[in-house]
Amino acid sequence: MKLYNYELSANCYKVRLLMSLIGIEWENITVDYYPGREHKSEWFLKLNPLGQLPLIEDDGFILRDSHAILVFLATKFDDTGKWYPTQNAEVLGEIAQWLGFADSLNSTAGSARLHDGLFIECDIDSCRSGAHRLMRILDEHLWFQEKQNNMWICSHSNPTIADIACFPSIMLSEEGGISRIDYPAIRRWCDRVRRIPNFIVIPGIFAAGPDINCENTGS
Amino acid sequence: MKTKCCSDPAVLNLWYAIAAIDELESDHSYHTTLLEENLKFKVDGNGNPSVRVVNSIPPGKTIGLKQGEEEAELPATVAYGYIWTSLGEPENELFSIPEYEESDRRNMNAATVGVHTSAPRAIENFLDMGHFPFVHSNILGAEPHTEVREYEVEVLQNENEIVATKCVFYQPKAATTSSEGADVEYLYRVPHPFCSILYKSSPVDESRMDVIALFVQPVSEEKVRAHMLLSILDTDNDNSVIGQFQQMIFGQDKPILENQVPKKLPLGSRAETSIRADKSAITYRRWLSAMGVKYGVLSATS
Numbered sequence: 001m002k003l004y005n006y007e008l009s010a011n012c013y014k015v016r017l018l019m020s021l022i023g024i025e026w027e028n029i030t031v032d033y034y035p036g037r038e039h040k041s042e043w044f045l046k047l048n049p050l051g052q053l054p055l056i057e058d059d060g061f062i063l064r065d066s067h068a069i070l071v072f073l074a075t076k077f078d079d080t081g082k083w084y085p086t087q088n089a090e091v092l093g094e095i096a097q098w099l100g101f102a103d104s105l106n107s108t109a110g111s112a113r114l115h116d117g118l119f120i121e122c123d124i125d126s127c128r129s130g131a132h133r134l135m136r137i138l139d140e141h142l143w144f145q146e147k148q149n150n151m152w153i154c155s156h157s158n159p160t161i162a163d164i165a166c167f168p169s170i171m172l173s174e175e176g177g178i179s180r181i182d183y184p185a186i187r188r189w190c191d192r193v194r195r196i197p198n199f200i201v202i203p204g205i206f207a208a209g210p211d212i213n214c215e216n217t218g219s
Numbered sequence: 220m221k222t223k224c225c226s227d228p229a230v231l232n233l234w235y236a237i238a239a240i241d242e243l244e245s246d247h248s249y250h251t252t253l254l255e256e257n258l259k260f261k262v263d264g265n266g267n268p269s270v271r272v273v274n275s276i277p278p279g280k281t282i283g284l285k286q287g288e289e290e291a292e293l294p295a296t297v298a299y300g301y302i303w304t305s306l307g308e309p310e311n312e313l314f315s316i317p318e319y320e321e322s323d324r325r326n327m328n329a330a331t332v333g334v335h336t337s338a339p340r341a342i343e344n345f346l347d348m349g350h351f352p353f354v355h356s357n358i359l360g361a362e363p364h365t366e367v368r369e370y371e372v373e374v375l376q377n378e379n380e381i382v383a384t385k386c387v388f389y390q391p392k393a394a395t396t397s398s399e400g401a402d403v404e405y406l407y408r409v410p411h412p413f414c415s416i417l418y419k420s421s422p423v424d425e426s427r428m429d430v431i432a433l434f435v436q437p438v439s440e441e442k443v444r445a446h447m448l449l450s451i452l453d454t455d456n457d458n459s460v461i462g463q464f465q466q467m468i469f470g471q472d473k474p475i476l477e478n479q480v481p482k483k484l485p486l487g488s489r490a491e492t493s494i495r496a497d498k499s500a501i502t503y504r505r506w507l508s509a510m511g512v513k514y515g516v517l518s519a520t521s
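In the order they appear, the protein sequences are chains C and A. First residue of the first sequence: 1, per the working numbering; consecutive thereafter. First residue of the second sequence: 220, per the working numbering; consecutive thereafter.
No lab work stands behind these hints: they were computed from the structure. Note that this is a predicted model, so its numbers are computed, not measured. Relax, there's no trap hidden among the hints.
Straight-line Cα separation of at most 27 Å, BS3-like style, residue types lysine-lysine; simulated pairs: (1) A:LYS482 / A:LYS223; (2) A:LYS392 / C:LYS2; (3) A:LYS385 / A:LYS498; (4) C:LYS40 / A:LYS261; (5) C:LYS76 / C:LYS2; (6) C:LYS40 / A:LYS259.
Chain C on its own, in the form it takes in the complex (with noise of 0.2 Å):
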């Protein structure tokens, strides 16, 4: 497995966190993607003519887009089937529903990062605007859930891609100048994504400490 790879993406980053949480060994190609541009190169448009990252090639079969690359590496490696559970409808609904919502996190908080970050234009005031909409919406969401003991961004009782490609553009939002301080459910969230086993980090995430809580009730 190769992944076409820059380590400072947020989408790079679904990936390799998926690889790692499943187990899947892979081959790091790295394109330069800033300052060097060569997402835009020709030999790397020829692989995909979106010009973006990801992309993986597995033994010849080549797929673009990191949610897309999610189910893919989901379904095809991940033997206990929790990460896309397949034969649950409601679920891979709901999944699909949350994929939609993170590309739409990475227009605006993900757009307001690289802005800020590596100068790559965008309308800021509306993205960083964008990025508290959802967040408030996803907020809400994760309160309820938890409310119905569910930790999780679908009703499931594991985590599943759902929770891998929203993840990223939350966790980096500082770096666009959007605050997490108002969002509590989120922040209880991502500690719980950051201590999920095989976790593993990007520039910009450290790995959680151990949960207090958990600690609090064993003594």
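Given the coordinates of chain C, work out where chain A should sit on it, guided by the hints.
The following block gives chain A in isolation, referenced to the frame of chain C:
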């Protein structure tokens, strides 16, 4: 001419790097912000830079730029692969980095990155070794090797420059050329309030040092563009591999820098608690106070 946003002469009269030459197309106009002023700049086909202030654009906006009212040309020069300019009248020549001229070095801009912090906070973080094992875990440091051993700091009066020497730190992967962990020797120079140069032992030649410089362009008091110059001994790796390594390191510093409160650097001796390992930082803060720097800091008296 309208009043400048920044009124601090200690900062206005300095040179600032604003862009890496290699990343510019010649005769193409670019915009950037320096000390809250919008600048328009370009390089011509011969590599000669020109920089102007543009007044009609609200600071921070880069979308929908129209031909603005342009002001007089600013001083502009090229050094270390960057365009440098000044909003005031620079009294001194730019500091020297003699190693940059050595013919076998790889000289490149690792990246220019935007950070929500003040320029002096960015420099102070660059000088700090204590965070290596925690922020750059298993790269520039590793637990349990967390001790910052005794080092020396002095202000060279003739050059008006801070120098920290005899810094030694255990690093699992000091550079792209490292094959194993090693005690790495560091030397830091701070020849400019918002620029610092780091020398560290080269993994490929023990008699020489790699040079990594941080040139901070203050966009506003709490926002910067950080330009990272590399002048290193590495014949094995592509520019993109070397650049990505530094971007990864800097990406790890980012959340730390952006979460420091206040974003401006407090110069009062009791504002923040320092430990022995912060000797460079303490000297840096005193040095900024002595120079009367007001921009991006909270003055000791305020």
